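Undergrad: This is what each chain is made of:
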Amino acid sequence: MSTDKQLLKKFKVVVVGNGMVGHHFVEEMAKNTDYDITVLSAESRLAYDRVHLSEYFGGKTAEDLAMTTPEHYEELGVNFKTNAKVTSIDKVAKCVTTEKGETYHYDKLVLATGSYPFVPPIPGKDQDHCLVYRTIDDLEDIAASAKVSKVGVVIGGGLLGLEAANAIKQLGLQTHVVEFAPQLMGVQIDGGGGRLLRQKIEDLGVQVHTSKATSVIEKGNTSRYKLCFSDDTELETDLILFSAGIRPYDNLAREFDLDLGERGGIVVNNQCQTSDENIYAIGECALWNNFIFGLVAPGYAMAKVAAKHISGEEGEFTGADMSTKLKLMGVEVGSIGDAHGKTEGSLTYTYENQPEGVYKKIVVSSDKKALLGAVLIGDTSEYDTLLQYMLNAIELPESPEGLILPMAADKPTLGVDALPDTATICSCHNVTKGDIIASIDAGATTVGEVKSCTKAGSGCGGCAALVKSVADNEFEKRGVEVKKDICEHFAYSRSEIFDIVSVEKIKTFDELLESHGRGLGCEICKPLAGSVLASVWNDYILKKPHLSLQDTNDTYLGNMQKDGTYSVVPRIAGGEITPDKLIVLGEVAKKYNLYTKITGGARVDLFGARVEQLPPIWKELVDAGFETGHAYGKSLRTVKSCVGSTWCRYGVQDSMSMAIDLEHRYKGLRAPHKIKFGVSGCTRECAEAQGKDIGIIATENGWNLFVGGNGGMKPRHGDLFATDLDDDTLVKYVDRILMFYVQTGDRLQRTSTWMDNLEGGLAYLQDVIMNDSLGINAVLETQMKAIVGTYQCEWKTTLEDPEALKRFQPFVNSDKADSNIQFVTEREQIRPARGAEKIDVTFIDATEIVAEEA
Amino acid sequence: MTLSTKATTDKTWKTICGTTDLVKDSGISALIANSAGEDEQVAIFHIPNSEEKIFAVGNYDPIGEANVLYRGLVGCIDDEPVVSSPLYKQHYSLKTGRCLQEEKTIAVYDIRIENEQVQLFY
Ligand code: SRM
Ligand SMILES: Cc1cc2nc3c(=O)[nH]c(=O)nc-3n(C[C@H](O)[C@H](O)[C@H](O)COP(=O)(O)OP(=O)(O)OC[C@H]3O[C@@H](n4cnc5c(N)ncnc54)[C@H](O)[C@@H]3O)c2cc1C
Ligand code: SF4
Ligand code: FES
Chain V
1 MSTDKQLLKK FKVVVVGNGM VGHHFVEEMA KNTDYDITVL SAESRLAYDR
51 VHLSEYFGGK TAEDLAMTTP EHYEELGVNF KTNAKVTSID KVAKCVTTEK
101 GETYHYDKLV LATGSYPFVP PIPGKDQDHC LVYRTIDDLE DIAASAKVSK
151 VGVVIGGGLL GLEAANAIKQ LGLQTHVVEF APQLMGVQID GGGGRLLRQK
201 IEDLGVQVHT SKATSVIEKG NTSRYKLCFS DDTELETDLI LFSAGIRPYD
251 NLAREFDLDL GERGGIVVNN QCQTSDENIY AIGECALWNN FIFGLVAPGY
301 AMAKVAAKHI SGEEGEFTGA DMSTKLKLMG VEVGSIGDAH GKTEGSLTYT
351 YENQPEGVYK KIVVSSDKKA LLGAVLIGDT SEYDTLLQYM LNAIELPESP
401 EGLILPMAAD KPTLGVDALP DTATICSCHN VTKGDIIASI DAGATTVGEV
451 KSCTKAGSGC GGCAALVKSV ADNEFEKRGV EVKKDICEHF AYSRSEIFDI
501 VSVEKIKTFD ELLESHGRGL GCEICKPLAG SVLASVWNDY ILKKPHLSLQ
551 DTNDTYLGNM QKDGTYSVVP RIAGGEITPD KLIVLGEVAK KYNLYTKITG
601 GARVDLFGAR VEQLPPIWKE LVDAGFETGH AYGKSLRTVK SCVGSTWCRY
651 GVQDSMSMAI DLEHRYKGLR APHKIKFGVS GCTRECAEAQ GKDIGIIATE
701 NGWNLFVGGN GGMKPRHGDL FATDLDDDTL VKYVDRILMF YVQTGDRLQR
751 TSTWMDNLEG GLAYLQDVIM NDSLGINAVL ETQMKAIVGT YQCEWKTTLE
801 DPEALKRFQP FVNSDKADSN IQFVTEREQI RPARGAEKID VTFIDATEIV
851 AEEA
Chain A
1 MTLSTKATTD KTWKTICGTT DLVKDSGISA LIANSAGEDE QVAIFHIPNS
51 EEKIFAVGNY DPIGEANVLY RGLVGCIDDE PVVSSPLYKQ HYSLKTGRCL
101 QEEKTIAVYD IRIENEQVQL FY
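From first to last, the protein sequence lines are chains V and A. Going by the numbering used here, the first residue of the first sequence is number 1, and it counts up by one from there. Going by the numbering used here, the first residue of the second sequence is number 1, and it counts up by one from there.
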């Protein structure tokens, strides 16, 4: 069948370069199956996401970044060749030839060759460890070089240079940025913004050197190299990364006689055609209206126009907006339109808050009616609104400065309703508000579906928040219920189930299933219901009706390990433990031959207990005064603390007592996910409180409270919620925040993602908790009080209940132990035997083993 | 595990435990000697709201490679009664033993309740 199709294909389209834009063109062109498309890529891999290249250092692999696969291209019927650099074009015979001598005929040729990093002609630039930042291969080279380097310098303080600096800093190098101009990011932001950005970046430990021209790279004294500057100063470094701008890959056009711009770039018209009507150029190699667009969004727009023009449809490229919003080393930076105020007669308003590190500027037309540009550093919350004012030429309010002033009483916010349907929401994929509405008309019922239909948000990701609010606003208008079903058995979200359980006073899963669900339930809705029932009623979780709802970890009150054994983690509040209790832990571990380790949560974990050993082990621990540590529960784990003012010469509050009080207050509280606290005795932050769900840091006057910190897969620093709180207010706020999270959080949503998804974010949460804007604080506090008042150690209760203990018997009809659980010794302790190490044994009597160990 | 070569006629209904040993909507495990004389672990689930009410499958999780299935959560997926492995959460059909996510199958046993006794056919 494919051969038939091949014959029918009238036109051969050859694409040179498979970068982001070349790939976008292929996807657009392949929609029309009449064309025979061939892609020739100089790189060894097909297109990948260059915009998110830096995430390669954050653990993303080449596969994660890939935008397509050979299989996908095959499905589309697209021919492709990698490692196929095109070296010549024959415009008359209409064919191109690659380095390897393969020739391809075309009817239409598309050049999507992108650009390459410019390396200034500094003597010494061609040595090892002098690198650039553009491709996955470059990043591999940088990582390899960083392994044998201590100091790194980025030459160039533009947007990409700062991103590169962040990358080498994360690789552990002492990092410098050298910039020729007097300020950082001179293209996007103004002098004032540049100053503040520099300060913020230096605060993060990256040294910035501006107004420096490198004259030569020499052998270093203390490091591998030495940069010598024209002002006779020097800088020693091991690794040099050039990020001094990009240059279009226009060599093909140069050699084969297509029109070029004065300073390079392949000249194209509004249809993206070059001076040869059969040859198009798109993306970063193309020069339109004497301008090269160094961003993906304009490139995608060109790709679309070229694909349309080749298929005989109408379409024109008319320029693109270059506004950007990004986070550089944690510093928010936004640049919109005419950031430098170059338009004649334009006026500017500036707001600067040095202590908070915030700088905002807007540029308006001489009649103060239109927004022309803006610079935002340190806080880009107004970016979306400002961008929409500019893009849609919306008339400014009477006092435009209100748009950027923090305290403005009635801050003119631009509701998404006010946007015209033509407003561009996602510039990467040119998706308008109208397109989003159309996708909802066509049946999209969730923000996720809107995104996958329209592609909005799948480029740089900067528009995600706006896409969500436009879509949600539209759903709301239509009275569409936003689908958040937890699983096939319940058509409700976690917070709806929470409300149902509390309002209808439902006490068991069976009641809930009968009244609101279907089927038998599953491993998603059962633990969820178990957790909600525990949050609301705080029953003993192994009580008959709840028993079958718990994950194995909750059922056996321990974490199951890979071989089916469990770990034992007693609570050691705040990490404080007496020598006597430490001895008990040691003795118990020894007696039952358990692997012993200090955990990342600053307590002790004993591994390798078989189910039947759990009750005797816990009996000994409970008798010695230990309680369960809930290491298995979606509940409070640890409150990590430093010694604080009691011992430490810098401590300003008694962090230890606070930590222990808090740990005992919230232990056992069931939540959407686990909760961790940290309490530090001063700003040195030895307890790493900012990386915890609830972080508390002592000040001279009390406590600063942080919310939403997270380690784990996606680390996040907590947001500063309130400062200088006294003990009582601190506890009151934490009570309310936790209970509000317990009620509204999604299944398995840590406080970090909860905060990120909370509409209105930190400010909203502050309003709810501190100003009682929802009028629910009294209820939240009562609920928390009830839970604090009904705490029981689950292990203690279990040990007293013969019915519950039956669950820990290995077999209903035998006392033998599971012969598949076997250990070997490593560093004087046990570890699970691996496949080949296991020996075939017959079953032995479990009672014998316990006796032997005793 | 070697397959039994003996004729199936050797199999009989044997009592494993009493119904009071069952845990509603949850599992227990039993140790049996198969017809080749080897020990075999069986996971027994009691689901009163299902058509069959009681199910028996192998206790060994071939993916997690541990004897843990009786400790998994039970429920249904598209009306098929299943147990979800407590290790990596794959679902196994309690009727056919088929894994819904990967190409694996676990043993299924005939099981019944007679005079408040739980009996397995092996
Ligand atoms: C034992 C311990 C590692 C150790 O040897 O030190 C550990 C072990 C486990 N962690 Fe952890 N984590 C341990 C400290 C941490 C820390 C450090 C900390 O608490 O300061 C973190 C990062 C901090 C954080 O949570 O924000 C951490 C982030 C995770 C995550 C990722 C959570 C996230 O939000 O991204 C998981 C996965 C999950 O929960 O979904 C996880 C899950 C697990 C599980 C439960 C995985 C599992 O299901 O088998 C491990 C079994 C625990 C067990 O058998 O007792 N563990 N885990 C630590 C026990 C601390 C304790 O005393 O309770
Ligand atoms: C680290 C980094 C971060 C960035 N961040 C952003 C951002 O946040 N937002 C944004 O909008 N943009 C960003 N950009 C810019 C964005 O990546 C580019 O605008 C975009 O990739 C341009 O796409 P392109 O297809 O035109 O060129 P490229 O992606 O460079 O692709 C061109 C391809 O053509 C190949 N090629 C060249 N010559 C030949 C030949 N003769 N034969 C065959 N193949 C050839 C090249 O090897 C290359 O693979 C970033 C860039 C980098 C490097
Ligand atoms: S955080 Fe401050 S008070 Fe606590 S141990 Fe560290 S230095 Fe001492
Ligand atoms: S604007 Fe870049 S993804 Fe939408």
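For the record, the hints were derived by calculation from the structure and aren't laboratory data. Here the structure is a predicted model, which means the values were calculated and not measured. Ideal Cβ placement from N, Cα and C applies to all residues, glycine included. Heads up, a few of these hints could be off.
[Claimed, not checked] Taking lysine-lysine and the DSBU-like style, the derived pairs with C-alpha atoms no more than 30 Å apart in a straight line are:
1) V:LYS12 - A:LYS53
2) A:LYS11 - V:LYS816
3) A:LYS11 - V:LYS543
4) V:LYS308 - V:LYS94
5) A:LYS11 - V:LYS544
6) V:LYS12 - V:LYS60
7) V:LYS543 - A:LYS95
8) A:LYS89 - V:LYS838
9) V:LYS619 - A:LYS24
10) V:LYS455 - V:LYS31
11) A:LYS89 - V:LYS597
12) V:LYS796 - A:LYS11
13) V:LYS308 - V:LYS543
14) V:LYS806 - A:LYS24
15) V:LYS100 - V:LYS81
16) V:LYS732 - V:LYS674
17) A:LYS24 - V:LYS60
18) A:LYS53 - V:LYS674
[As the list claims (entries may be wrong)] Below, a sample of chain V positions facing chain A; criterion: calculated Cβ distance under 10 Å:
19) THR98
20) GLY101
21) ASP485
22) HIS489
23) ALA491
24) PHE509
25) GLU511
26) SER515
27) GLN561
28) VAL812
29) LYS816
30) SER819
31) ILE821
32) GLY835
33) ALA836
[Said to hold, decoys possible] Chain V regions said to be covered by chain A (calculated; three or more residues, Cβ under 8 Å):
34) 444-458
35) 520-527
Undergrad: State for each hint whether it applies.
TA: Structure-based check of each hint:
1. V:LYS12 - A:LYS53: violated (65 Å)
2. A:LYS11 - V:LYS816: Distance ~23 Å between LYS11 of chain A and LYS816 of chain V Cα, so the pair holds.
3. A:LYS11 - V:LYS543: violated (38 Å)
4. V:LYS308 - V:LYS94: holds (21 Å)
5. A:LYS11 - V:LYS544: violated (35 Å)
6. V:LYS12 - V:LYS60: violated (36 Å)
7. V:LYS543 - A:LYS95: holds (29 Å)
8. A:LYS89 - V:LYS838: holds (25 Å)
9. V:LYS619 - A:LYS24: Given that 30 Å is the threshold and the Cα spacing comes to 27 Å, the pair holds.
10. V:LYS455 - V:LYS31: Answer holds: LYS455 of chain V to LYS31 of chain V is near 15 Å, not above 30 Å.
11. A:LYS89 - V:LYS597: holds (27 Å)
12. V:LYS796 - A:LYS11: violated (44 Å)
13. V:LYS308 - V:LYS543: violated (66 Å)
14. V:LYS806 - A:LYS24: The given pair, whose Cα atoms are some 14 Å apart, holds under the 30 Å limit.
15. V:LYS100 - V:LYS81: holds (11 Å)
16. V:LYS732 - V:LYS674: holds (20 Å)
17. A:LYS24 - V:LYS60: violated (45 Å)
18. A:LYS53 - V:LYS674: Violated: LYS53 of chain A and LYS674 of chain V sit about 35 Å apart, past 30 Å.
19. THR98: violated (42 Å)
20. GLY101: Not OK, violated: GLY101 of chain V not within 10 Å of chain A, min 46 Å.
21. ASP485: It is violated, given that the least Cβ distance between ASP485 of chain V and chain A is near 14 Å, above 10 Å.
22. HIS489: Interface hint status for HIS489 of chain V: holds (7 Å vs cutoff 10 Å).
23. ALA491: violated (16 Å)
24. PHE509: Since the shortest Cβ distance to chain A is 8 Å, the answer is holds.
25. GLU511: Check failed: Cβ of GLU511 of chain V comes no nearer than 13 Å to chain A, outside 10 Å.
26. SER515: Check failed: Cβ of SER515 of chain V comes no nearer than 14 Å to chain A, outside 10 Å.
27. GLN561: Nearest chain A Cβ about 9 Å off; hint holds.
28. VAL812: Status holds, d = 5 Å.
29. LYS816: holds (6 Å)
30. SER819: holds (7 Å)
31. ILE821: Holds, because the Cβ-Cβ distance from ILE821 of chain V to chain A comes to roughly 8 Å (cut-off 10 Å).
32. GLY835: holds (8 Å)
33. ALA836: violated (13 Å)
34. 444-458: violated (count 0)
35. 520-527: Per the Cβ count (7), the hint holds.
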